[in-house]
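A.B. asks: So the chains spell out like this:
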Amino acid sequence: MSEFLRNYLTVAIFGGVAVALLAGVLGLGSLIRPTRRQEGKYKNYESGVDPVGDTWSQSQIRYYIFALMFVIFDVEAVFIFPWATRVEEYGVFGLVEMLVFIAVLTLGLVYAWRKGVLRWI
Amino acid sequence: MMLGLELAYWQESILRSLGVLAAVLLPAGTFVYVFLFKMVSFMQNRLGPMEAGPYGSMQLLAEVGKALQKEDVVPDAADRTLFKMAPYLVVATVLLTYVVVPFGPDMVFIDNQVFGTGIFYVMAVSSISVIGIILAGWASASKYSLLGALRAAGQLIAYELPLVLSVVGVVIQAGTLDLQRIIVAQATGEIFGWGAIGNPFILTQFIGLLIFMIAMQAELAQTPFDMPVAESEVVGGYHVEYTGLRFLLFFIGEFATAGAFSAIAATLFLGGWWLPGLDLDANYMNVVGPLVLLAKMMVFGGIIFFIRFTYPRLREDQLQRFAWKFLIPLALVNITATGILKVVF
Numbered sequence: 001m002s003e004f005l006r007n008y009l010t011v012a013i014f015g016g017v018a019v020a021l022l023a024g025v026l027g028l029g030s031l032i033r034p035t036r037r038q039e040g041k042y043k044n045y046e047s048g049v050d051p052v053g054d055t056w057s058q059s060q061i062r063y064y065i066f067a068l069m070f071v072i073f074d075v076e077a078v079f080i081f082p083w084a085t086r087v088e089e090y091g092v093f094g095l096v097e098m099l100v101f102i103a104v105l106t107l108g109l110v111y112a113w114r115k116g117v118l119r120w121i
Numbered sequence: 001m002m003l004g005l006e007l008a009y010w011q012e013s014i015l016r017s018l019g020v021l022a023a024v025l026l027p028a029g030t031f032v033y034v035f036l037f038k039m040v041s042f043m044q045n046r047l048g049p050m051e052a053g054p055y056g057s058m059q060l061l062a063e064v065g066k067a068l069q070k071e072d073v074v075p076d077a078a079d080r081t082l083f084k085m086a087p088y089l090v091v092a093t094v095l096l097t098y099v100v101v102p103f104g105p106d107m108v109f110i111d112n113q114v115f116g117t118g119i120f121y122v123m124a125v126s127s128i129s130v131i132g133i134i135l136a137g138w139a140s141a142s143k144y145s146l147l148g149a150l151r152a153a154g155q156l157i158a159y160e161l162p163l164v165l166s167v168v169g170v171v172i173q174a175g176t177l178d179l180q181r182i183i184v185a186q187a188t189g190e191i192f193g194w195g196a197i198g199n200p201f202i203l204t205q206f207i208g209l210l211i212f213m214i215a216m217q218a219e220l221a222q223t224p225f226d227m228p229v230a231e232s233e234v235v236g237g238y239h240v241e242y243t244g245l246r247f248l249l250f251f252i253g254e255f256a257t258a259g260a261f262s263a264i265a266a267t268l269f270l271g272g273w274w275l276p277g278l279d280l281d282a283n284y285m286n287v288v289g290p291l292v293l294l295a296k297m298m299v300f301g302g303i304i305f306f307i308r309f310t311y312p313r314l315r316e317d318q319l320q321r322f323a324w325k326f327l328i329p330l331a332l333v334n335i336t337a338t339g340i341l342k343v344v345f
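The listed protein sequences derive, respectively, from chains A and B. Residue numbering for the first sequence follows this note's numbering, beginning at 1 and increasing consecutively. Residue numbering for the second sequence follows this note's numbering, beginning at 1 and increasing consecutively.
Incorrect hints may have been included.
As the list claims (entries may be wrong) - Simulated crosslink set (BS3-like; lysine-lysine; CA at most 30 angstroms straight-line):
{"no.": "1", "chain 1": "A", "residue 1": "Lys-43", "chain 2": "B", "residue 2": "Lys-70"}
{"no.": "2", "chain 1": "B", "residue 1": "Lys-70", "chain 2": "B", "residue 2": "Lys-84"}
{"no.": "3", "chain 1": "B", "residue 1": "Lys-66", "chain 2": "A", "residue 2": "Lys-43"}
{"no.": "4", "chain 1": "B", "residue 1": "Lys-70", "chain 2": "A", "residue 2": "Lys-115"}
{"no.": "5", "chain 1": "B", "residue 1": "Lys-38", "chain 2": "B", "residue 2": "Lys-70"}
{"no.": "6", "chain 1": "A", "residue 1": "Lys-41", "chain 2": "B", "residue 2": "Lys-38"}
{"no.": "7", "chain 1": "B", "residue 1": "Lys-325", "chain 2": "B", "residue 2": "Lys-342"}
{"no.": "8", "chain 1": "A", "residue 1": "Lys-41", "chain 2": "B", "residue 2": "Lys-325"}
{"no.": "9", "chain 1": "B", "residue 1": "Lys-66", "chain 2": "B", "residue 2": "Lys-84"}
{"no.": "10", "chain 1": "B", "residue 1": "Lys-66", "chain 2": "B", "residue 2": "Lys-38"}
{"no.": "11", "chain 1": "B", "residue 1": "Lys-342", "chain 2": "A", "residue 2": "Lys-41"}
{"no.": "12", "chain 1": "B", "residue 1": "Lys-84", "chain 2": "A", "residue 2": "Lys-43"}
Hint data in this document are derived by calculation from the structure and do not stem from the laboratory. The model shown is predicted, which means the values in this text are computed figures rather than measured ones.
Given the sequences, and given the hints that come with them, work out the whole structure.
C.D. replies: Rendered as structure tokens:
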């Protein structure tokens with residue numbers, strides 16, 4: 001196995017350690033803790049009264065728009081990083097290119113701003 | 001090769017696994033005891049835990065022991081599989097974050113040079129915990145936790161962007177994504193020809209650090225950004241329905257993440273395991289390095305929790321406005337300025 005893949009194997013091992021740690025602790029807990037089923041104990045908490053209606057209720061559309069905005073800017077960050085590591089090699093050419101790129105994205109933010117999308121009502 | 005010993009791969013893996021457990025649990029435990037138990041107590045003019053062990057230092061073990069004995073309640077309406085899966089995701093994220101953090105010249109979990117992606121990997125992995133939180137809130141099938149999870153999602157993605165963008169300034173200055181080489185760049189750097197203390201990026205990237213710290217506070221959902229878990233508004237947010245040990249796991253995840261982000265911030269802005277006057281390649285740095293890094297993490301942890309216990313909560317719309325209309329433009333300006341200065345000088 002190449003050295004590169006080995007390093008990612010470490011990532012997988014750490015994920016495994018996390019699962020093993022939690023499974024171990026929860027397993028230990030399951031040996032110790034009591035389980036006493038009672039009427040009402042397994043209802044959802046809704047300030048002490050019985051839950052009303054469907055608990056998986058609908059939510060505001062604004063969350064969706066913010067998620068869309070997030071994707072746009074996160075992808076932007078993906079494009080900025082490779083340039084950031086090689087700023088000196090690309091020099092003025094790379095800098096101007098990146099300024100144009102950032103300016104275009106800022107225009108997007110300004111557009112969303114003017115449209116009132118960023119207002120959280 | 002690890003610590004100058006010739007070990008088989010499986011032996012190295014065991015050492016690494018023990019190492020990452022220490023790296024996750026020690027700072028988390030220290031943060032909880034020093035800041036959450038003691039510092040806040042002194043700030044509020046009380047003593048805090050005093051009974052368990054000298055000055056209550058064993059309180060944490062007592063808490064874990066208590067949580068172990070608590071009944072595990074899964075609501076009937078909940079999606080059982082997802083409900084149980086959520087804490088795993090939150091805690092696993094922290095362990096994965098530590099993969100690339102260097103603790104000394106050879107005290108590393110992976111070969112940073114070969115791994116390559118460094119800080120980019122951290123940013124990618126640290127956002128997995130958002131999924132764990134949404135999963136927890138959704139699977140609980142409770143209105144409070146669903147609201148809390150949606151708030152958490154809105155907040156965490158809004159502050160993910162300034163967090164990622166503030167790092168770009170450091171990457172431009174160091175010219176690499178690799179955390180080990182970012183430390184070397186800080187240790188060997190010069191400020192206008194004066195290199196006595198190197199060039200810790202806290203000096204040249206101060207705006208970046210400020211953005212990073214604010215975004216970190218929000219990512220950790222600490223006050224003033226704790227709307228997702230605001231007990232007076234949504235009872236407890238996404239962990240309303242969690243009991244006993246699973247509830248505790250969310251808190252272990254929270255404080256361990258605070259430790260991980262402090263380690264990243266210390267590495268990026270304060271020079272990581274290196275201190276001015278210490279030898280960069282010496283063998284003793286493998287022992288001194290982790291201690292130096294822990295000390296720097298404590299500085300960041302102290303700031304995080306000091307702010308947490310000092311300021312009141314923001315409103316949800318203020319929080320979103322602050323991220324989108326102030327922090328993100330500021331981070332973009334910071335990137336632009338850093339890029340221009342780097343090309344000009």
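A.B. asks: Taking the hints in turn, state whether each one holds.
C.D. replies: Tested hints:
Simply put, Lys-43 of chain A and Lys-70 of chain B have alpha-carbon atoms about 18 angstroms apart, close enough for the 30 angstroms limit, and the pair holds. The hinted pair formed by Lys-70 of chain B and Lys-84 of chain B meets the criterion: a straight-line CA distance of about 16 angstroms does not exceed 30 angstroms. Of the supplied pair hints, the one linking Lys-66 of chain B and Lys-43 of chain A holds, its CA atoms being roughly 24 angstroms apart against a limit of 30 angstroms. Taking the CA atoms of Lys-70 of chain B and Lys-115 of chain A, the gap is near 51 angstroms; set against the 30 angstroms cutoff, the hint is violated.
With a C-alpha separation of about 25 angstroms, the suggested pair Lys-38 of chain B and Lys-70 of chain B falls inside the 30 angstroms cut-off, and the hint holds. In summary, the hint linking Lys-41 of chain A to Lys-38 of chain B is not supported, as the alpha carbons are separated by about 35 angstroms, beyond the 30 angstroms threshold. For the suggested pair Lys-325 of chain B and Lys-342 of chain B, the alpha carbons sit about 26 angstroms apart, so the restraint of at most 30 angstroms is met. A threshold of 30 angstroms between alpha carbons decides the hint, and for Lys-41 of chain A with Lys-325 of chain B the separation of about 45 angstroms lies outside it, so the pair is violated.
Simply put, Lys-66 of chain B and Lys-84 of chain B have alpha-carbon atoms about 20 angstroms apart, close enough for the 30 angstroms limit, and the pair holds. Between the alpha carbons of Lys-66 of chain B and Lys-38 of chain B the distance comes to roughly 20 angstroms, so the proposed pair stays at or under 30 angstroms and holds. Distance restraint check for Lys-342 of chain B and Lys-41 of chain A: the Cα-Cα separation of roughly 62 angstroms exceeds the 30 angstroms cut-off, and the hinted pair is therefore not satisfied. This hinted pair checks out: Lys-84 of chain B and Lys-43 of chain A have alpha carbons roughly 17 angstroms apart, not beyond 30 angstroms.
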